[in-house]
Amino acid sequence: MAKIWVYAEHQNGTVDPTALEILTKVRTLGDAEAIALGQGASQITGVLGEHGAKTVYVSEDAAFDDFIAEPAAHVLAELAKQQSPDLICFGMTYDARDIAGRLSAKLPATLMSNALDIESPELIKTAIFGGERIVDVSLEGDQKIAIFRAKSFAPEPDTSAGEPTVQQIDIAVPDETKRAKRVERHEEEASGPKLEEAPVVISGGRGLQEPDNFKLLDDLAAAIGGAAVGATRAVVDAGWVPYAYQVGQTGKTVKPSVYIAVGISGATQHVVGMKGSKKIIAINKDEEAPIFQMADLGIVGDALKIVPQLIEEVKSRKG
Amino acid sequence: MNIVVCVKHIPDPNLPGELDADNRLKREGVQGVLDPGDEFGVEAGLQLKEAQGGEVTLVSMGPATAQEAVRRGLSMGADKGVLVTDDSLKGADAYVTAKVLAEAIKKESPDLVIAGVESTDGYSGTMASTLAEFLGLPQVTFVKSIESAEGTLKVDRQTADGYHVVECPLPALITVTAGINEPRYASFKGIMAAKKKPLEQVGLSELGLSADDVKSWQNVTTVADAEARKAGEVIEDDGTGAAKIADFLKEAKVI
Ligand SMILES: Cc1cc2nc3c(=O)[nH]c(=O)nc-3n(C[C@H](O)[C@H](O)[C@H](O)COP(=O)(O)OP(=O)(O)OC[C@H]3O[C@@H](n4cnc5c(N)ncnc54)[C@H](O)[C@@H]3O)c2cc1C
Ligand SMILES: Nc1ncnc2c1ncn2[C@@H]1O[C@H](COP(=O)(O)O)[C@@H](O)[C@H]1O
Numbered sequence: 000m001a002k003i004w005v006y007a008e009h010q011n012g013t014v015d016p017t018a019l020e021i022l023t024k025v026r027t028l029g030d031a032e033a034i035a036l037g038q039g040a041s042q043i044t045g046v047l048g049e050h051g052a053k054t055v056y057v058s059e060d061a062a063f064d065d066f067i068a069e070p071a072a073h074v075l076a077e078l079a080k081q082q083s084p085d086l087i088c089f090g091m092t093y094d095a096r097d098i099a100g101r102l103s104a105k106l107p108a109t110l111m112s113n114a115l116d117i118e119s120p121e122l123i124k125t126a127i128f129g130g131e132r133i134v135d136v137s138l139e140g141d142q143k144i145a146i147f148r149a150k151s152f153a154p155e156p157d158t159s160a161g162e163p164t165v166q167q168i169d170i171a172v173p174d175e176t177k178r179a180k181r182v183e184r185h186e187e188e189a190s191g192p193k194l195e196e197a198p199v200v201i202s203g204g205r206g207l208q209e210p211d212n213f214k215l216l217d218d219l220a221a222a223i224g225g226a227a228v229g230a231t232r233a234v235v236d237a238g239w240v241p242y243a244y245q246v247g248q249t250g251k252t253v254k255p256s257v258y259i260a261v262g263i264s265g266a267t268q269h270v271v272g273m274k275g276s277k278k279i280i281a282i283n284k285d286e287e288a289p290i291f292q293m294a295d296l297g298i299v300g301d302a303l304k305i306v307p308q309l310i311e312e313v314k315s316r317k318g
Numbered sequence: 000m001n002i003v004v005c006v007k008h009i010p011d012p013n014l015p016g017e018l019d020a021d022n023r024l025k026r027e028g029v030q031g032v033l034d035p036g037d038e039f040g041v042e043a044g045l046q047l048k049e050a051q052g053g054e055v056t057l058v059s060m061g062p063a064t065a066q067e068a069v070r071r072g073l074s075m076g077a078d079k080g081v082l083v084t085d086d087s088l089k090g091a092d093a094y095v096t097a098k099v100l101a102e103a104i105k106k107e108s109p110d111l112v113i114a115g116v117e118s119t120d121g122y123s124g125t126m127a128s129t130l131a132e133f134l135g136l137p138q139v140t141f142v143k144s145i146e147s148a149e150g151t152l153k154v155d156r157q158t159a160d161g162y163h164v165v166e167c168p169l170p171a172l173i174t175v176t177a178g179i180n181e182p183r184y185a186s187f188k189g190i191m192a193a194k195k196k197p198l199e200q201v202g203l204s205e206l207g208l209s210a211d212d213v214k215s216w217q218n219v220t221t222v223a224d225a226e227a228r229k230a231g232e233v234i235e236d237d238g239t240g241a242a243k244i245a246d247f248l249k250e251a252k253v254i
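Chains B and U, in that order, are what the protein sequence lines are. Using numbering that gives the first Met the number 0, read the first sequence as starting at 0 and increasing by one per residue. Using numbering that gives the first Met the number 0, read the second sequence as starting at 0 and increasing by one per residue.
You can take every hint at face value.
Here are the in silico distance ranges between beta carbons for each label pair:
| no. | chain 1 | residue 1 | chain 2 | residue 2 | range |
| --- | --- | --- | --- | --- | --- |
| 1 | B | E162 | U | A50 | 51 to 59 Å |
| 2 | B | D301 | U | P197 | 49 to 57 Å |
| 3 | U | L14 | B | P16 | 35 to 43 Å |
| 4 | U | A242 | B | D217 | 15 to 23 Å |
| 5 | U | A227 | B | E162 | 38 to 46 Å |
| 6 | B | D301 | U | E149 | 44 to 52 Å |
| 7 | B | E287 | U | A242 | 22 to 30 Å |
| 8 | U | E149 | B | E77 | 28 to 36 Å |
| 9 | U | G52 | B | I170 | 37 to 45 Å |
| 10 | B | K304 | U | P197 | 54 to 62 Å |
| 11 | U | T221 | B | E187 | 37 to 45 Å |
| 12 | B | Q10 | U | D224 | 35 to 43 Å |
Simulated coverage check for chain U against chain B, where a stretch passes if three residues somewhere in it have a Cβ under 8 Å from a Cβ of chain B:
| no. | stretch |
| --- | --- |
| 13 | 89-101 |
| 14 | 159-172 |
| 15 | 208-220 |
| 16 | 229-239 |
In silico lysine-lysine, DSS-like type, Cα no more than 25 Å apart, as pairs:
| no. | chain 1 | residue 1 | chain 2 | residue 2 |
| --- | --- | --- | --- | --- |
| 17 | B | K278 | U | K229 |
| 18 | B | K317 | U | K252 |
| 19 | U | K249 | B | K193 |
No wet-lab data here; the hints were simulated from the structure. On a predicted model such as this, the values are computed, not experimentally measured, just so you know. The beta carbon of each residue, even a glycine, is placed where N, CA and C say it ideally should be.
Go ahead and model the full structure; you've got the sequences and the hints to work with.
See the structure below:
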């Protein structure tokens, strides 16, 4: 049986959902084990077990929270030398990418990024050309690393799972790995539902013309209720909305019941982040815009006219 | 300060991508450009040099045509370039790329190494972290602004919900986001000057590596078209577009 590790990122006692998604998949391929590092690690062993981790390795050392990548890469590499997992999986987050990258040099192990599906530790699927083609990639070497995109699998608890074995990691974090230090944290508390979890996502692009017009999308989200607002990289780079709004290759992956694309052309790098949506609605004034090729409903017209009307229509239907 | 900027030559992203016989992205015989993401790295390097003095060296790995990307960076104002090119590097994965670039970069003894967050064609987003490990340097990825870089480095690092301020001793490696600056255009004078700037081409043996050291552990076995979504109804707005969307939302049971 293959031994497959899943690195479980977590914050304030909550596991990054991608870790649970990956566990759900890999528990069908071999013995799944999870690694949780940093303060609060012991709080998440239960949920990792429920999703298929037979063993959870934990260390509560605060160095993992305070210092970027190096402490985690060191401890993972040492632990992997003792335990010889066939594959080490990560979710595609900022910190995980950094850790996985360093681990690749340390083990050494080949690293497959942007993984979408897995058949075995030796065969992983990814997309190229911004999602137009799917390729199977074979991986060589005793140990391998894969970074999976969010929402590649649907997380499901394993009803037959027993309590996981919790194993304290006794590898010390060396001082020389404590270099890049987080000295201040500025996180913007987003109001309303999270982009990744909302049943309706309304995203705006450059077609909204001006940053102030983004307010229209907030109003529409409020009228619908339980909707979240997203954006393209073009408007994030232009500073209209914070980066946390970005949907796409370098932003978030969303799979809502309905995705409404407003003034968005439909570039492949945007589309990879939203094409898993159940239904897609597009509003664009250019009938040739690529977004219409994947929309279930496309309206060719001026977003600045249509969105205010839509807000009224939604309100009247909700009564 | 001695700055190395990683620059990648990529097939023009505005043209449809092609695969070679090994199902890898075709890099030779296609129109190429300097990765637009790396222009931010070059600009960041030039701004630091202008503020603190020093030298900006561009380092790239790719086919001989990748010279064009390095020249482009030189015409923006970088001082010199190094291109690692070797037949056995075809199809190199991120691990191999990092191993090779590390050997080329070590020779420059940089105080700071700058790369992009992810390349436009490969977008693994991991090459730079692997490179940092090979170089033995600390790393800060997703840098959206540099507060200071004298003695120690202080930067703002983008996170999913905001940013962190990170401090780190130099030498170090950073990756920069697209929001960090406005890359300058190469002026005519810059383009002319770039023709005379040193651009060294090195092969693997000059870096003390052999073909065995750079064997890629990844192979593409099959390629298939992704499941395409089908286009639905597309209608010209005649004043009833909003009502149609509202009906659709009602049918989808989200209102
Ligand atoms: C490495 C890399 C990573 C990237 N990652 C991402 C990513 O994560 N997410 C992302 O979104 N992009 C990403 N991009 C950028 C992507 O390629 C596109 O540039 C971007 O998505 C375009 O944004 P847009 O649709 O808002 O703008 P545009 O492409 O400029 O489209 C604007 C659209 O608005 C329409 N329009 C104009 N006026 C109106 C009006 N009044 N009413 C209705 N419609 C109107 C136009 O017809 C046009 O179709 C990435 C690019 C690279 C190279
Ligand atoms: N062949 C290369 N030559 C020079 N720099 C590279 C090369 N490949 C990747 N890079 C750098 O590493 C960054 C991340 O690349 P990637 O891991 O492919 O997403 C890029 O933005 C470049 O700055």
